[in-house]
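Generate coordinates for the entire structure from the input sequences, incorporating the hints supplied.
Protein sequence lines, in the order shown, are assigned to chains A and B.
Numbering follows the numbering used here, in which position 35 of the first sequence is assigned residue number 35; successive positions increment by one, without gaps.
Numbering follows the numbering used here, in which position 10 of the second sequence is assigned residue number 10; successive positions increment by one, without gaps.
It cannot be assumed that every hint is accurate.
[Unchecked claim] If you anchor each label on the Cβ, the simulated ranges turn out as follows:
no. : chain 1 : residue 1 : chain 2 : residue 2 : range
1   : B       : A57       : A       : K148      : 25 to 33 angstroms
2   : B       : H78       : A       : E117      : 47 to 55 angstroms
3   : B       : D19       : A       : E117      : 35 to 43 angstroms
4   : A       : R24       : B       : R75       : 20 to 28 angstroms
5   : B       : A60       : A       : G119      : 16 to 24 angstroms
Bear in mind the hints are in silico, worked out from the structure with no lab data behind them.
Because the structure is a prediction, the values reported are computed rather than measured.
C-beta: ideal position from N, C-alpha, C; glycine also.
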Amino acid sequence: MTDAVLVQHAQAGGLAAFEELVTRYERRVYSLAYRMLANAHDAEDVTQQTFISAVEHLPEFRGEASFYTWLMRIASHAGLKIIRKRQGLPTESLEIPHPEFIATWKESPARLAQQHETGQLIETALGELDEKHRLVFLLRDVEGLSVKETAEATGLTEANVKVRLLRARLQLREKLTEAFGDPATRIWPHAHA
Amino acid sequence: MKCEDMLALLNEYVDGEIDPAICAEFEKHMAGCNPCQVVVDNIRQTITLYKNGQPYALPAQFQDRLHSALRQRWRTTHSNPAS
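In structure tokens form, the structure reads like this:
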């Protein structure tokens, strides 16, 4: 059954339909929250808040965005509230980092994904990003939201989303290429006329 | 097109949202600049690696608590409709 049909049933009072939607997306919401906040307790809070909010605001959901995008928006807002309560957002640099370590990867992403160490490496690299950069990358590249949807979920302008996305991609590229790149193929950037 | 210009357009190129005329310039630059080509490949591989990752499983006890809380909230919400 499609999400749209389940939402219809849920809006008509069908708890089973709503629970099916929860089961479909609880892992993705939890993963987003966990990666945003790097803390299981906070991730559980955000996940619960997200779905409670969905219960309460389901009558208002009109289907302009997908149900999944709507959940991502709620989860992002809840996560950002927690981030703001922490030490206060550090000043983020919006400079574009220049690639330093440039090399072809030893293996394809599909093969790397099968290796045990890869999961830990990619989560560590993600955790080293500034929180807003991380969230933009998670929403846009991992969860597949559009730039516009990402902007709405994060309260950023579309232009800021694009800059933060570029920084996140370049920083992750740098870290992952240091780990997965073949040093024998390392290339040095050269100046152009 | 210089490497600096390439960096600024990287998102649009990787996402397939780049103006066709600029795309042609971008690809012409890459044909003569191996570092830039490799950086673009690395970015694509990076995105693929994260996109294809498995979501985390919910801790079992939390999953039970979550569903129980949601059922409770559902019953409350549906027996006391907002006026």
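Cross-check of the supplied hints:
no. : hint                                    : in the structure
1   : A57(B) with K148(A): 25 to 33 angstroms : holds (31 angstroms)
2   : H78(B) with E117(A): 47 to 55 angstroms : holds (48 angstroms)
3   : D19(B) with E117(A): 35 to 43 angstroms : holds (40 angstroms)
4   : R24(A) with R75(B): 20 to 28 angstroms  : holds (21 angstroms)
5   : A60(B) with G119(A): 16 to 24 angstroms : holds (20 angstroms)
Violated hints for the displayed structure: none, as all numbered hints are satisfied.
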